[in-house]
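J.: This is what each chain is made of:
Protein chains: 2
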Amino acid sequence: MVKFLKQSLASQLDVDLMSEKCGFALEQLMELAGFSVAQSISKVYPKKSNSRVYVLTGPGNNGGDGLVAARHLSHFGYKPKLYYPKQPKNEHYQRLLKQCFQCDIELEPDLDKGLDQCDLIVDALFGFGFKPPIREPFGNALKALGNTKIPIVSVDVPSGWDVDNGKVDDSCINPEMLVSLSAPKPCAKFFEGKYHFLGGRFIPRFLAKEYDLDLPEYPGSEQCVLLSKI
Amino acid sequence: MVKFLKQSLASQLDVDLMSEKCGFALEQLMELAGFSVAQSISKVYPKKSNSRVYVLTGPGNNGGDGLVAARHLSHFGYKPKLYYPKQPKNEHYQRLLKQCFQCDIELEPDLDKGLDQCDLIVDALFGFGFKPPIREPFGNALKALGNTKIPIVSVDVPSGWDVDNGKVDDSCINPEMLVSLSAPKPCAKFFEGKYHFLGGRFIPRFLAKEYDLDLPEYPGSEQCVLLSKI
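Going down the list, the protein sequences come from chains A and B.
All the letters of the first sequence, read from the start, carry residue numbers 1 to 230 under full-length UniProt numbering.
All the letters of the second sequence, read from the start, carry residue numbers 1 to 230 under full-length UniProt numbering.
Errors might be hidden in some of the hints.
Any copy will do: because identical chains look the same in the list, a pair fits if it lies in one copy or spans two.
[Claimed, not checked] Subject to a maximum C-alpha distance of 16 Å in a straight line, what follows is the list of computed EDC-like cross-link-like pairs (lysine to aspartate or glutamate): (1) K43 <-> E222; (2) K143 <-> D116; (3) K167 <-> D112; (4) K43 <-> D212; (5) K21 <-> D104; (6) K209 <-> D104.
If you are wondering where the hints come from, they were derived from the structure by calculation, not from laboratory data.
Okay, chain A solo, but in the shape it has when bound (with noise of 0.2 Å):
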C-alpha cells in the first residue's frame, strides 16, 4: 500500500516542502514529525514502566526531531534524558535545545550512564540524509546500541544503516520499533521489530500525488499511523 520514498527523493520532497513551493517553515515540520514519533511512543510503550527514555540526538534535523519528540514526551509525564554531543551551533538547535532544558530534560554525556539508567532508548541520530562514514563518537554509540537488549525506537531510518538498502552488516541496530516520516524509506523494508508506524501527517495530497506515494489514512485527528505489527 505504501509506496517507498528513496534518498534522492526524500531530500528532494524536503526541498519541496521547505520552497516557495509548499512554504513550510523548519520549524512547523520538525514540531509535527518530533511530535508523531512521541505520540507513536505513547501508543506502545507505557509511561508507568518506560519513564526513563534516552533520547540520543544527532547533528542534523534527525535530532532536531529527536529533541522534539524528548519535549512531548516530558509533556506526556515520561522523563528523557538527552545524549547530544554534536550541537549545532545554529539559533534554532539552540531554541530546540533550551526548550527542553526547560521542561526539565538533562543531558546525560555518559553513554554508558545513560543506557544503563534508562527503559527506552530512541535513536535519532542520523536519518535520510545520512552517508557513510560514520564519525565518533558515533561509532561507538551505534555499537553500544547494536548490543543493547532495551527497545530501541529509530526515527525515520535506523541509524547506520544504508537509507535506501537496509543492514550494511550483522553489527547494525535492531530497532523494536521504526516511526517512518512523510513515508518510508527503502530501508524500512528490511525492518524486522515489532512496529512500524508512519508519522509526519503534513504532505500535501498533491506532493504525495506527485511523488507517488500512496500514503495510509490516518485514524482521525492522529499524527501517527500503525503500518504493520509483526
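On the provided structure of chain A, position chain B as indicated by the hints.
T.: This is chain B only, laid out in the frame that chain A set:
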C-alpha cells in the same frame, strides 16, 4: 481547578514563551495551538455531517491559529474554506496561507455565501490581544455570526467579547464550543456553550507555576482536553 489568565498576563506569557526564557518560535506555538483547535473540533463534530467548515480568520495571531487549524482539518478530511479579508503582508502569514492553498483550501470572501454553505464556523477573528473598537469588515462579520444558527467554534476568545469581562452586549456571539489556548482567559467564565476545550499543550511546568496556573492533565498524547460539557 483551572485558573484564568487575564489579558495582561496572557500577553506576558506569550512574550516569555518566545523570548530567551523559553526559546520558542512563533511557528512552533502556532502549529501546536492550531492543531489543538482542529483536534478539538474533530472530537465533537464528525466530518461526515460537518465537513464544510468556514474558518473566519482575523489579521493577527488568532487568525494564524485559524489558518493552521484549517490545514489540519483538511488533513483530517474536512473541507474548510477561509474568510480572510485582512491578510498581513509578513512572510509568516503569507506562508500559512500558501500552505492552506496547497491543501486545496480556498478563500470565500463572500461572507453570506460562506455562511450559507457551511456546517460549522470557526471564529479565529480576535484573540487575547483584542481591544475595541472593531473595524470593518469585522463588525459586519460578527453581526452575521451573532445571528446565525450554525454552530460556532471560537478560538481562545469569542470574538468581540471583552477578554477579561466577557460579553459586552446582547449582540455578542454565542459559540457552541470554545477552545482556550494555554489557559482559559477570564471571559471563559461567561461561556454558555456546550464544549469547553483547552489546547496549546506547550507550557513548561516552571512557567505554569510562575503564572500560578493550575492546568489540567491532558490524556495520553492528546493536544486538547475537555474542561466541561454543559
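J.: Hints numbered earlier in the text: which of these fail when held up against the supplied structure?
T.: 3, 4
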